[in-house]
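S.K.: Each chain, letter by letter, is given below.
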Amino acid sequence: MTRDPQFMTCQEFQEQMAELIGSGEDVNNHPHLRMCATCRALLADLQTIADAARELLPVEPPAEDLWQRIELAIQKEDSSLDPG
Amino acid sequence: MPRSQAAKIPPSSPTAAEQTAVEETPPVQTVPPPPAVAEVLALAQAGDHYAFAQIYSLHKRRVYSLCLRMVGNPSEAEDLTQEAFLQLHRKIATFRGDSAFSTWLHRLSINVVLMHLRKKGLPLTSLDEAMEPTHEDGPGRSFGAPDLALTGSIDRLALERAMSDLPAGYRLIFILHDVEGYEHNEIAAMLECSVGNSKSQLHKARLKLRAALRTAIQKGEPS
Numbered sequence: 118m119t120r121d122p123q124f125m126t127c128q129e130f131q132e133q134m135a136e137l138i139g140s141g142e143d144v145n146n147h148p149h150l151r152m153c154a155t156c157r158a159l160l161a162d163l164q165t166i167a168d169a170a171r172e173l174l175p176v177e178p179p180a181e182d183l184w185q186r187i188e189l190a191i192q193k194e195d196s197s198l199d200p201g
Numbered sequence: 031m032p033r034s035q036a037a038k039i040p041p042s043s044p045t046a047a048e049q050t051a052v053e054e055t056p057p058v059q060t061v062p063p064p065p066a067v068a069e070v071l072a073l074a075q076a077g078d079h080y081a082f083a084q085i086y087s088l089h090k091r092r093v094y095s096l097c098l099r100m101v102g103n104p105s106e107a108e109d110l111t112q113e114a115f116l117q118l119h120r121k122i123a124t125f126r127g128d129s130a131f132s133t134w135l136h137r138l139s140i141n142v143v144l145m146h147l148r149k150k151g152l153p154l155t156s157l158d159e160a161m162e163p164t165h166e167d168g169p170g171r172s173f174g175a176p177d178l179a180l181t182g183s184i185d186r187l188a189l190e191r192a193m194s195d196l197p198a199g200y201r202l203i204f205i206l207h208d209v210e211g212y213e214h215n216e217i218a219a220m221l222e223c224s225v226g227n228s229k230s231q232l233h234k235a236r237l238k239l240r241a242a243l244r245t246a247i248q249k250g251e252p253s
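Protein chains in written order, with the numbering used here: chain W, 118 to 201; chain F, 31 to 253.
Rather than coming from a laboratory, the hints here were simulated on the basis of the structure.
C-beta: ideal position from N, C-alpha, C; glycine also.
Please note that a few of the clues may not be correct.
[Claimed, not checked] Okay, the calculated beta carbon distance ranges per label pair: (1) F:105 <-> W:155: 28 to 34 Å; (2) F:120 <-> W:182: 20 to 26 Å; (3) W:128 <-> F:120: 50 to 56 Å; (4) W:181 <-> F:245: 19 to 25 Å; (5) W:136 <-> F:148: 38 to 44 Å; (6) W:155 <-> F:125: 45 to 51 Å.
[Unchecked claim] A few chain F residues that don't get close to chain W, going by computed Cβ distances all over 12 Å: (7) 66; (8) 68; (9) 69; (10) 75; (11) 87; (12) 126; (13) 148; (14) 188; (15) 219; (16) 225; (17) 226; (18) 249.
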């Protein structure tokens, strides 16, 4: 039987966090968070991390000669397919 | 589709990664100035070599970044980028425009990386094992110390470093969901795991990243 969310312990709440967040519900409105600064801070941190990840840009480009390597590989593949 | 996430983690569209996909310079000096992207794509589909080079220029950084973040090794990432573009060359004529080309290419690239990781024997199909609660990353670790909150923005390099230190299974799901914007059902299909598994693995990845970033703050490193 599911415990009344209002009376959850931090451990019980945190054990359900993955499912709560993944469900798309607004976890910020969860009754436990109204009373628990620790879990509010945890949720805020996780959201900060997700927000930062979304803003990550591509890293540096690949080596300059990678295109030449790809061209060679394409030519090799094309010539192996060419019956002539 | 990537970039359409759960309510708690609202999408930002287009992603920073997508915005840079059209900003790169061509790899071949002799390539003429780029016509419209759709025209380049049509030419590449018809077998035009220079158009394919343009496609490479437009997408190389994003494909390479994906590969590098997923495998953590520049040389391996370049090999995978090469394989992704070789596969693209083989398959580009089959692209029908049902999705954005960049989305299609991205998915193709992810499949290349996943196939590579499976060949290496990484436990992509045994994620449940990696999800078992441990003393190290279980919920109990989060109790207390709310004063060390990761307020404000997180330093990009610190996050990249913490991501690279994640176990492979956690890293894959975090990158696919939080960086690339795939939904849990898509990730579950890609990794052949359950949706619940994907959610749980992502949550644990974020907990591990939080712990790593908090440790960096305690050591006085930028967060």
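S.K.: Hint by hint, say whether it matches the structure.
M.R.: Going through the hints against the structure:
1. For residue 105 of chain F and residue 155 of chain W, the Cβ-Cβ distance of about 43 Å falls outside the hinted range of 28 to 34 Å, so the restraint is violated.
2. About 22 Å separates the C-beta atoms of residue 120 of chain F and residue 182 of chain W, a value consistent with the hinted range of 20 to 26 Å.
3. For residue 128 of chain W and residue 120 of chain F, the Cβ-Cβ distance of about 52 Å falls inside the hinted range of 50 to 56 Å, so the restraint holds.
4. For the hinted restraint 19 to 25 Å between residue 181 of chain W and residue 245 of chain F, the CB-CB distance of approximately 37 Å leaves it violated.
5. Between residue 136 of chain W and residue 148 of chain F the Cβ separation comes to about 28 Å, which falls outside the hinted range of 38 to 44 Å.
6. The hint said 45 to 51 Å for the Cβ distance between residue 155 of chain W and residue 125 of chain F, and at roughly 49 Å that hint holds.
7. Under the 12 Å C-beta cut-off, the non-interface status given to residue 66 of chain F relative to chain W holds; the minimum distance is some 22 Å.
8. Chain W leaves residue 68 of chain F outside its interface by the beta-carbon criterion, the shortest separation being 22 Å against a cut-off of 12 Å.
9. Listed as a non-interface residue, residue 69 of chain F keeps its Cβ farther than 12 Å from every Cβ of chain W; the least gap is roughly 21 Å.
10. Distance check for residue 75 of chain F against chain W: the nearest CB is about 15 Å away, which clears 12 Å, and the non-interface claim stands.
11. With a closest Cβ-Cβ approach of about 8 Å to chain W, residue 87 of chain F is found to fall inside the 12 Å limit, against its non-interface label.
12. The beta carbon of residue 126 of chain F sits about 22 Å from the closest Cβ of chain W, which is more than 12 Å, so the claim that it is off the interface holds.
13. The claim that residue 148 of chain F lies off the interface holds: its Cβ sits roughly 22 Å from the closest Cβ of chain W, which is beyond the 12 Å cut-off.
14. Its beta-carbon lying about 9 Å from the closest one in chain W, residue 188 of chain F breaks the requirement of being farther than 12 Å from that chain.
15. Interface exclusion of residue 219 of chain F from chain W stands, the closest Cβ pair being 15 Å apart, more than 12 Å.
16. With a minimum CB-CB distance of about 8 Å to chain W, residue 225 of chain F fails to clear the 12 Å threshold, and the non-interface call is violated.
17. Under the 12 Å C-beta cut-off, the non-interface status given to residue 226 of chain F relative to chain W is violated; the minimum distance is some 7 Å.
18. Distance check for residue 249 of chain F against chain W: the nearest CB is about 17 Å away, which clears 12 Å, and the non-interface claim stands.
Taken one by one, the earlier hints fail for this structure at numbers 1, 4, 5, 11, 14, 16, 17, listed in ascending order.
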